[in-house]
Amino acid sequence: MKIAIIDCGTNTFNLLVKDLSSDEIIHNSKISVRLGEGRSEDHLLSDSAIKRAMEALAQHKQSAAEHEAKEIVAVATAAVRTAANAKLLIEQAENELGIRLNVIDGDTEAGLIFKGVAAGVEFKDATTLIMDIGGGSTEFILVRDKKPVWQKSYPIGTSFMLNKFRPADPILNEEIEEIDNFLEDTLVELTQVCQSDFPRVLIGSSGSFDTLAAMCAENFQTSRFEADESSYTFTMHEYMQISQRMLKATFEERLDTPGMIPMRADMIVTACIEINHIIKRFGIRLIQQCNYALKEGLFIELQKNEGAWQKSSL
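Residue numbers (numbering that gives the first Met the number 0): 0 to 313.
Be a bit skeptical, because a hint or two may be false.
[To be verified] Label pairs and their in silico Cβ distance ranges:
1) 174 - 149: 26 to 34 Å
2) 199 - 69: 21 to 29 Å
3) 124 - 95: 24 to 32 Å
4) 64 - 165: 22 to 30 Å
5) 144 - 309: 33 to 41 Å
[As the list claims (entries may be wrong)] EDC-like cross-link-like pairs, simulated, lysine to aspartate or glutamate; straight-line CA separation at most 20 Å:
6) 146 - 36
7) 163 - 305
8) 310 - 95
9) 279 - 188
10) 247 - 168
11) 1 - 90
No lab work stands behind these hints: they were computed from the structure.
Model, not experiment: these values are computed from the prediction.
Each residue gets a CB set at the ideal place from its N, CA and C atoms; glycine is no exception.
Generate coordinates for the entire structure from the input sequences, incorporating the hints supplied.
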């Protein structure tokens with residue numbers, strides 16, 4: 000049976016259609032929604048954000064039907080779980096589209112991300128840190144002996160960080176330092192759990208890492224990046240060159256960089272600061288990008304009939 004998974008993230012709504020009896024990807028697409036845009040200080044989703052979310056859900060539902068999916072499992076993450084008026088979107092999605100939203104907590108999100116990444120990357124023997132930079136939150140999963148030993152979701156996604164710090168364009172050095180200090184204070188528990196055995200391998204999943212991989216491949220031509228491949232390995236030289244370029248560039252210059260995904264041109268700055276912080280903090284020696292994340296992890300759970308997921312029939 001074919002099933003459709005919709006990952007309702009803060010920046011994008013992603014659709015995956017697969018057959019439960021095979022690993023073949025039937026359809027994969029994403030729509031920019033920017034749920035956090037225009038969000039008020041009292042944590043309310045704006046009317047325009049809800050409208051964009053509904054339009055994206057309707058489009059994904061149509062795509063799922065066209066690819067003969069029989070059921071939809073839709074999950075919502077940070078932007079919805081922290082919104083004071085999330086009920087508006089949840090009820091509208093069910094009443095108008097017949098789509099039930101599974102609003103998941105950060106720990107569940109991190110667990111699904113691990114399962115997805117584990118299906119797309121072969122873990123090294125070295126201690127590894129998985130980092131999934133979303134729009135509302137960033138998830139970390141510490142992996143030792145190829146098994147997850149600790150995981151946590153932090154509210155430091157790219158949209159959150161842009162709204163909190165509102166940096167100049169290009170970002171100023173003192174603003175980078177301010178964000179770096181904020182990350183040091185926020186990620187105390189991560190630092191503590193890594194103290195006995197620092198991770199030397201960083202595996203990044205989701206949009207920011209996808210964009211960085213595409214830019215590295217385009218600008219250095221050292222290897223080919225394909226969206227349907229499961230992973231890309233950076234050289235540290237590649238990553239640092241691109242990262243520094245992003246931090247010095249204006250929005251227009253970032254937008255014109257070969258490989259840049261347009262919807263990421265503003266958010267890539269705070270993403271690079273977060274990644275650089277982790278590299279410096281733990282002495283990372285190898286960075287890998289993984290195309291698999293939450294929705295692939297959820298597919299694995301559905302294949303194994305794990306979890307009590309609300310499903311919507313097509």
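A quick look at each hint next to the structure:
1. 174 - 149: 26 to 34 Å: holds (30 Å)
2. 199 - 69: 21 to 29 Å: violated (44 Å)
3. 124 - 95: 24 to 32 Å: violated (50 Å)
4. 64 - 165: 22 to 30 Å: violated (41 Å)
5. 144 - 309: 33 to 41 Å: holds (34 Å)
6. 146 - 36: Status violated; Cα separation ~36 Å.
7. 163 - 305: Violated: residue 163 and residue 305 sit about 37 Å apart, past 20 Å.
8. 310 - 95: holds (16 Å)
9. 279 - 188: holds (16 Å)
10. 247 - 168: Answer holds: residue 247 to residue 168 is near 9 Å, not above 20 Å.
11. 1 - 90: violated (26 Å)
Comparing the model with each numbered hint stated earlier shows that hints 2, 3, 4, 6, 7 and 11 do not hold.
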